[in-house]
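K.L.:
These are the residues of each chain, in order.
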Amino acid sequence: MSVRLDATSSLSGREVLRRGLQVSPELVQGVWITLLLAVLAAGGRVVVPMAVQQTVDTVVLGDAGAGRLGLLLGGAAVALVITGICSALVNVRLFRSSEAGLARLRVTAFRHVHDLSALTQGTERRGSLVSRVTSDVDTISLFVQWGGIMLLVSVLQIVAATVLMAAWSWQLTLVVWATFVPLVLILRPAQLRVSAAYARVRQSMGAMLGAISEAVVGAETVRAYGVEQRTQRRIDGAIHDWRQAQVTAQNRVATVFSSGVLVANGVLAVVVVVGTLLGIGGGLSAGRLLAFLFLVQLFTGPVQMATEILNELQNALAGWRRVLGVIDTPVEIADPDGGGRGTARGAARVELDGVEFAYPDGPTVLHDVHLDVPATTKVAVVGATGSGKTTLAKLVTRLVDPAAGRVLLDGADLRDLSLAALRERVVLVPQEGFLFDGTLADNVAYGARGADPGDLGRVFDELGLTDWLATLPDGLGTEVGQRGERLSAGERQLVALARAHLAGADLLVLDEATSAVDPATEVRIARAMSELTAGRTTITIAHRLSTAEAADLVVVVDAGRVVQVGPHAELVAQAGPYAAMHDAWLAQTS
Amino acid sequence: MSTDRRHTLPGGPVRRGFLLIWRGMAAHPRTYVVAVLTSGLFGALTVGVSQVLGRVTDSVVVPAIGGDAEARDALWLAGLALLGVAVTLALAVAGRRIYAGRGYADIGADHRRGVTRQYLRLPMSWHRAHPTGQLLANASSDVEAATGVFNPVPFAIGVVVMIVVAAVALFSTDVWLAVTALTVLPLAVVANLVFQRRMSPAVTRAQQLRAEVSDVAHESFEAALLVKSLGTEDVEERRFAQATDRLRAANVRVGVVRAFFDPVIELLPSAGTLAVLAVGAARLRAGAIETGDVVGAAYLLALMAVPVRAFGWVLGELPRALVGHDRISRVMDAEGDRAGGTGHLPRATGGLHVRARGLGVAVHDSSGRHDLLRRVDLELEPGRVVALVGSTGSGKTTLCGVLARLHDVDSGEVLLDGVPIGDVRDEDLTAQVALVAQQTFIFEDSVRSNVTLADVDDPAAPDDDAVWAALRLAKVDDVVHALPGGLDAMLGERGANLSGGQRQRLALARALVRRPRLLVLDDATSAVDPQVERAILRGLAAGGADGPTVLLVAYRMSSVALAHEVVHLENGSVVDRGTHTELLARDPRYLELATAYETERERRSA
Chain A
1 MSVRLDATSS LSGREVLRRG LQVSPELVQG VWITLLLAVL AAGGRVVVPM
51 AVQQTVDTVV LGDAGAGRLG LLLGGAAVAL VITGICSALV NVRLFRSSEA
101 GLARLRVTAF RHVHDLSALT QGTERRGSLV SRVTSDVDTI SLFVQWGGIM
151 LLVSVLQIVA ATVLMAAWSW QLTLVVWATF VPLVLILRPA QLRVSAAYAR
201 VRQSMGAMLG AISEAVVGAE TVRAYGVEQR TQRRIDGAIH DWRQAQVTAQ
251 NRVATVFSSG VLVANGVLAV VVVVGTLLGI GGGLSAGRLL AFLFLVQLFT
301 GPVQMATEIL NELQNALAGW RRVLGVIDTP VEIADPDGGG RGTARGAARV
351 ELDGVEFAYP DGPTVLHDVH LDVPATTKVA VVGATGSGKT TLAKLVTRLV
401 DPAAGRVLLD GADLRDLSLA ALRERVVLVP QEGFLFDGTL ADNVAYGARG
451 ADPGDLGRVF DELGLTDWLA TLPDGLGTEV GQRGERLSAG ERQLVALARA
501 HLAGADLLVL DEATSAVDPA TEVRIARAMS ELTAGRTTIT IAHRLSTAEA
551 ADLVVVVDAG RVVQVGPHAE LVAQAGPYAA MHDAWLAQTS
Chain B
1 MSTDRRHTLP GGPVRRGFLL IWRGMAAHPR TYVVAVLTSG LFGALTVGVS
51 QVLGRVTDSV VVPAIGGDAE ARDALWLAGL ALLGVAVTLA LAVAGRRIYA
101 GRGYADIGAD HRRGVTRQYL RLPMSWHRAH PTGQLLANAS SDVEAATGVF
151 NPVPFAIGVV VMIVVAAVAL FSTDVWLAVT ALTVLPLAVV ANLVFQRRMS
201 PAVTRAQQLR AEVSDVAHES FEAALLVKSL GTEDVEERRF AQATDRLRAA
251 NVRVGVVRAF FDPVIELLPS AGTLAVLAVG AARLRAGAIE TGDVVGAAYL
301 LALMAVPVRA FGWVLGELPR ALVGHDRISR VMDAEGDRAG GTGHLPRATG
351 GLHVRARGLG VAVHDSSGRH DLLRRVDLEL EPGRVVALVG STGSGKTTLC
401 GVLARLHDVD SGEVLLDGVP IGDVRDEDLT AQVALVAQQT FIFEDSVRSN
451 VTLADVDDPA APDDDAVWAA LRLAKVDDVV HALPGGLDAM LGERGANLSG
501 GQRQRLALAR ALVRRPRLLV LDDATSAVDP QVERAILRGL AAGGADGPTV
551 LLVAYRMSSV ALAHEVVHLE NGSVVDRGTH TELLARDPRY LELATAYETE
601 RERRSA
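Order-wise, the sequence lines are chains A and B.
Residue 1 is where the first sequence starts when you use our numbering, and the numbers rise one by one after that.
Residue 1 is where the second sequence starts when you use our numbering, and the numbers rise one by one after that.
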């Protein structure tokens, strides 16, 4: 089991392309027609040099008349228009297919992020996950929208130009190819250096944005402690590193590109000298040599273009690898083979049978836990921070799987159930109620299958929150703002409880909020909580002993072991960790 | 950036565009002199290649193949000349690209340095008025938008040189040929303008939708645990797929515009070549020009096919650059200095004496004026622990901010040991007054640096003993001991993640290590275990008059009861002050607040 996402897939360039096409088959949809049109377009590009050659040979140097010239130029003009139409069609087709393919890639990667285990999600920076479905995909788009087109056309042009050049003079064609050999040889190592430089640019960019965010997110801390200068030094250092990385990458790209320019222009000198010598020997007319010079340009143009695109391809492959790195990270918590079975609804019974849990490469945090929670029981799990109580909650909701032992819901191993059926019956209410930017109604209805507005009113009524709802400016239609920031922390918890109530689970796992909130809201939360839990099996990760006091069953966890289980009254009477906690609490609240 | 000039660009779109490019280049004169010179050389030599080729054709190739021995001897020289031009051209291209890249990086770095200096200079009120996401975008995507145009600029300038040189060369050969060849240019400009007009709205929309896709992903990933616990992966996938599909459609619209523009701009030089051939053949027949001239002119047009597009790149980037620049300008031109004074606040022993008189703070929004604080008087004796109690929105956080000078007051004044807070210089204030907020900020750095907020090699930084002492007082030393590396353990997104309560205690240690004379705790221990909270507060109060003066916002009555004195704040005004017991006895609203917990506890256990 791996906790971290692969920073990047380890596939080779060719494998990346193949895997990429597998994920986004749209990229090559109708590619044959596109290719045919592209061949026509590339062929059309030869029309002008041919017209030049013919004109020079027959009209300028020969004795053909104006009629011949008109025919030549008119024919070439028509061919140009057809070429243009073909190019436009190729472009439109490729834009359509590439955008469809990239949209598929984004959605696939997005979904996969949600399917990954909570552990993996938790170890990644939020921004870095977002970049996998945004900017990383964008780096590919440059290539598949534009680079791919031009690479295809360039290769065809190189082939076409080579064939034509060979038809004019095979000797000179060999000379041209020979001149390009050194360029081809340095290309591969040069590209590796370029892509290494780009990797450093991306890395330094991330570090730079991280440093800048400290001045924004930590603005109050920076001011309160007067550490502006140090913060600026850190930012300036990061900006400097980015600037250096950027300059280095650009220098390498410039070197590769100008080598291409050197060869593309140097080849003219070689062709002129060798061609003239061939002409003197009688193997080539002046007209043919001049036409050949045009064909050389048809050859060097696409070669230079291809060099540029291959640089771009390195960039695209890096992005593609990062996105595929997400998609190919195995999903640990998945439906069993065959989809898994459903279970009958109704208050749930939960059993833990010899459960152990360890984080990957970490120590065992839960040892041999046995626990039986009969239906409609209210359980409070108490214990110090780091004792393992949160892990217990994760196991029961199948956010993680045990390393050994079984977690049973009404006698069925959680791993045998379909996730859809499990999530319908077992719902976790996290400590911090997350709210989406939208109305209160949207947020409460989120996750409920087929809830209507009447249900929403009922939920608030049942939880005793109608009076609170009345204090909001637009009632259920109140906009809560990003992450619910227009509500107070306590009010966000109220929304989370209403949401859980509407979801109507059979087993509720509640991670009690630790933050103190203002007393009026605290009272509302407590009341709503007791309504919410009525008639349901609940497991509460309790941070307050008052919660444990009100529970049917208290489970005391210490250093990864369940050390005491029993009703509050019973445990208080026993000498043990729970009684000690309780005494301390009484001393504090009295 | 000079202070007498605003960052915002004045004038209409054309003038603003020129100004944007000019300012960027003028800020790095040496880089851009080299970039423009090499690019100009590139432009001239591109034409030069065709000129040399034409000359070589006329005076060497054609006569040599025709049997001219003299021409044949000159062949090697001709080859060398062509090679020399090729090498110079390659060097010019390298110079152009290297220096263009350097300029791009330097201008981007300038913007980021400027923007972040503003972030650190502007008052908290400004920060609160601007969403975090927007400020981060100002330093990232807006800077990229504003600088992207500088990549093709030197190239475009080189192309101008190329066109001028080509025009001169063509006109010196033959006027008719020149006019025919240069007709391509106005056509290319017209095509570019049509393209820009159609492209700009399409690109703007695509950029907007790109941001939307990113927003949806960000929100959804932030809600990952909720999504998992409710099993709503399908809902999220649909939501994201809808946003993605809108972006796809917008990108295709952009693509279709480009799909038709590209062939047009590419075929223009080819059409020009055919026209040159027609005119050239006629002029040749009239004996006005030679074969090489026609070939040279045709070759020149073919060469210009790609460079002419550089104008398109510049024009295409310019609208985006102006939008990005405007967004940066809003930060760069933001007014408002924090009221840092120049006076000294002598570092006496023991806690600060704080006296606030008639404090008033108001904010204005669309619905009018809202008073956050009204005529608040407050006195904190040195070394006393004073609790500030009130319901949500009563003004507690504003009052805390005023005492740490994060908020400016509209009326009244705060005296620290008798010195008006506005007169105290920054370094004295931050050394003696420490505010810890409910929301803690952890830097991506080691535990040590998160506490000291100083570089490791800074001689003024507190030593490890002092750091441990602060961690002990904040009851977080055992947590740090358990981290791999102890004080060297890395925190933040890339390092160990602490629980909410641990983060708050670390933030408290950060305040304590500076041995502040006034400690303002704005709900700073809300996520800390109640028992630990009480232990911390007892530790703070233990210093007596030698310890810091503490102003404390808390909700837990067990903690409030530890304070020497309680100030009850409602609706921005002080309702009452006294000991916890006194207020319970005579302040009915206070009694209501204080007993809310107890009432609930009794109700539940009943």
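Take the hints with a grain of salt, since some may be wrong.
Reference excerpt, derived from the structure (chain A facing chain B, CB under 10 Å, subset only) [claimed, not checked]: (1) 73; (2) 90; (3) 100; (4) 155; (5) 158; (6) 160; (7) 231; (8) 233; (9) 290; (10) 519; (11) 521.
To spell it out: a stretch of chain B is covered by chain A in this simulated footprint if at least three of its residues, at any positions, have a beta carbon under 8 Å from a beta carbon of chain A; those stretches are [stated by the list, open to error]: (12) 82-94; (13) 118-130; (14) 136-148; (15) 220-233; (16) 264-273; (17) 291-301.
Just so you know, the hints here were simulated from the structure itself, not pulled from any lab data.
Built from N, CA and C at the ideal position, the CB exists for glycine as well.
K.L.:
Would you list, in rising numerical order, the hints stated earlier that this structure does not obey?
P.N.:
4, 5 and 6
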